[in-house]
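Starting from the given sequences, assemble the full structure and let the hints guide the process.
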Amino acid sequence: YNKNKILKLPFNGVENNRQGGLQVYDPKSKELIWVGGNQEGQDPNVAYAYEAIGIIRTKEQLDSYALQLKDLIGARTLVHPDVYNALSSSEKNLYYPLALGDVMWKDVNGDGIINSYDRVYMGNTVPRWTGGFGAALRWKNINLSTRFDYALGYVAYDGPRAWFLGMMQGTFNTTTSVFDTWTPENPNAKYPTYYWADQLFKNNTSRESSMFYNKGNYLAFREINVSYRLPKSIANRLKMEDLSISATGQNLHYWSKNTLFSPESGSVGQNGGGYPLPKTFILGLQLTF
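Okay, so the sequence shown: first residue is 161 according to the working numbering, each after it adds one.
Here are the simulated DSSO-like cross-link-like pairs (lysine-lysine), alpha carbons at most 30 Å apart as the crow flies: (1) K375 / K165; (2) K439 / K417; (3) K165 / K417; (4) K188 / K165; (5) K252 / K266; (6) K188 / K266; (7) K230 / K252; (8) K266 / K375; (9) K230 / K190; (10) K266 / K417; (11) K168 / K190; (12) K230 / K350; (13) K190 / K375; (14) K375 / K439; (15) K190 / K163; (16) K230 / K219; (17) K230 / K188; (18) K417 / K375; (19) K165 / K190; (20) K266 / K230; (21) K266 / K219; (22) K168 / K188; (23) K266 / K350; (24) K375 / K350; (25) K417 / K350; (26) K399 / K300; (27) K375 / K188; (28) K163 / K375; (29) K219 / K252; (30) K163 / K188; (31) K300 / K392; (32) K219 / K350; (33) K190 / K266; (34) K163 / K417.
Just so you know, these hints were derived from the structure itself, not from any lab.
Structural data, given as structure tokens:
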């Protein structure tokens, strides 16, 4: 079991001798509080992000969500189309209109503005529980051994999927998740509209959000080995003292519900791409003369 808390930091005159971190609105105290970073008495491995509450699929949803709202997270302020159309030509250079297929975000403090204070707790980025177990069974001349390991109680961010769905580098290939993005012909899609260079416009996928945070829990089928020892009478007829054959599989499967290419993230709380552990199959033959 793993739980972290910073006990002491060099004095710097800041509350809890905080280093880094970010401010968010706390619904309990109804005040802004500092979270994340390194702070005395707090866990350093926490994740905060914007909470996606759905995709705008109808004109009614667009009106209900956006008529009294401004989203300040994009490259320009996002507003309802009617608000945008009422702006002067020069003002329009500072705004973008929201549309069907865009993401609706949780306005945590209810002030009608989506800003950095509206990020919410996603979870712990380091597994609370890690461990493993195995079994060894024998029946007559057949031996079976297994080895499993697991990690529980943490979240990981699927950065590559967000990056691809935001087309943040248009010359690269993409993921098949693009077929599950909103279009007029696919109004019930899982993901928002597929925009070019989303980080330069509406930040539907490029802002770190609950859409791409996953429970990182997994059970890894790390190794399974099966071996068979021939009866001694048969081995002797082959002019051998002993003969056994075996088959081993390693990194065979993950039992997990997350969307990452591999649950075993290469860095704390993030998954920036890379290569998963390869599946390995080994055949063995042991001869004793």
